[in-house]
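Q: Sequence:
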Amino acid sequence: MSTPSGTERLQRVRRQLLTTDDGASRFGDGEGAARWVAGLLAGLQGAVLSLLVVVLPAVAAYVVTSADPSNAEVPWTRSLELGTGLWLLAHGVPLAVGSDVVTLVPLGLTLLALYTCHASARRSGYPTSLALSAGVGGYVAVAVVLSLLVRASVGHVVLAASGALVVSGLGLATGLARRPEAPPLRGLTRPLWSRVPAPVRAGVPAGVLAVALVLAVASLVTVLWVLAGRATIVDVIEALDLDAVGGGVLALAELAFLPNLVVWASAWLAGPGFHVGTGTTFTTAEVVPGPIPALPVLGALPQPDMAGGPLVAAPVLLVLAGCVAGWWLHRRTVPDRARDMVVAGVTAGLAAGACAAGLVSLASGAVGPGRMAEVGASWAPVGGLVALGVALGALLVALPAEPLVRDAVRNFRRRSGGGTRPEGERRPEG
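So the sequence shown is numbered by our numbering: it starts at 22 and just counts up by one.
Everything labelled a hint here was simulated from the structure, so no lab data went into it. Quantities reported herein were computed from a predicted structural model and do not represent experimental measurements. Hints may be right or wrong, so weigh each one.
Stated by the list, open to error - Computed beta-carbon distance windows for the label pairs:
# : residue 1 : residue 2 : range
1 : T124      : A265      : 30 to 36 Å
2 : G379      : A117      : 24 to 30 Å
3 : R172      : R358      : 58 to 64 Å
4 : V85       : R211      : 53 to 59 Å
5 : T124      : G300      : 18 to 24 Å
6 : V85       : R172      : 24 to 30 Å
Positions of the beta carbon are idealized from the N, C-alpha and C atoms, including for glycine.
Whole structure, please, built from the sequences with the hints as guidance.
A: Given below as structure tokens:
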């Protein structure tokens, strides 16, 4: 009798793990098991890829500086902890650096994690709820394990799980939705959206469109800031005198926070502006600079001569974005009543304000003690002004363009003037 080969033994172990004694699958049918495993692997792959992008530069920086006598007592695992802490910071977990705490989320790393989840699911996932749940569960498990390895508190572990749930859920869901065999997204969301009033269904995407337009202009403004401050940026880089590895790590770190600068630019356009340290103010009306960290990207911040004059009218952009949203509402909405367009326009403003407030809240935080505990913008005034401007612009365009609204206005005028007749049409007395 021949001895079973290694392949046969592996097949036997596989059958024992995946099937019961009577031959039935432990995970349902074989296709369901494959989808479950593929979803789990997509989530794990998204987590590992985004983690490596952060950890590898940290390890490289440690290797380059290991010969420095001041780093003789620093173990190499410290670079792993720092890279892991930055990855967790991208998911909303505060990063402890000595006695200081950093809460400013690097939105660039957050977007990177979203993209790796999206790409992994789109390439190898299955568009089923089971695969999505497995992928999200795997990603959240990685975040929880990493937070425990860096000795995070219970509250920070909860933050890690919550942030990982949101990031992986959005990334994996959008990736699975792009699979060729995925059902239409409209069909999946119809049971939920059908319960929402039609004007609200139309107003929400219109508000998102308005915020996207504001962010597009804010991105252009950020580019102009960088071009205007390129001399200062070069001076800071030369003063730091970094080697190739150090310069590369610094460049990656600044790219991680570049989306934050774009969000700050949107707050600048909206009017309230932003702060980079207590006592500083950057608005279209005035710029009050102050001592800031020696980072090249901060050389792109607006200077005092980049305030006042025509720039004070920058918040008009919110109304213009609302006008585009209003035209979108006019082309996409078939209201049953005149007031439906009013509801849609107000909903667009509220949705835009909520999106702007959420982005500003994510892009703001602390990067150290003292003055640097206040970096970013205030979400409430930015969200309020965005909501007001977008709603105003949407109503200015959508209401006059809607026939039902024009008919309602004509009927109102007719009823208001119905009690009086022109002089020649009055009935004779007696």
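Q: Each hint: holds or not?
A: Going down the list of hints, with the structure as the test:
1. T124 with A265: 30 to 36 Å: For A265 against T124, whose Cβ atoms are near 31 Å apart, the range 30 to 36 Å holds.
2. G379 with A117: 24 to 30 Å: holds, 25 Å
3. R172 with R358: 58 to 64 Å: Since R172 and R358 have Cβ atoms about 59 Å apart, the given range 58 to 64 Å holds.
4. V85 with R211: 53 to 59 Å: Holds: the Cβ-Cβ distance is about 55 Å, inside 53 to 59 Å.
5. T124 with G300: 18 to 24 Å: Holds, since T124 and G300 (Cβ atoms, about 19 Å apart) stay within the stated range.
6. V85 with R172: 24 to 30 Å: holds, 27 Å
Hint check: no violations occur; every hint is consistent with the structure.
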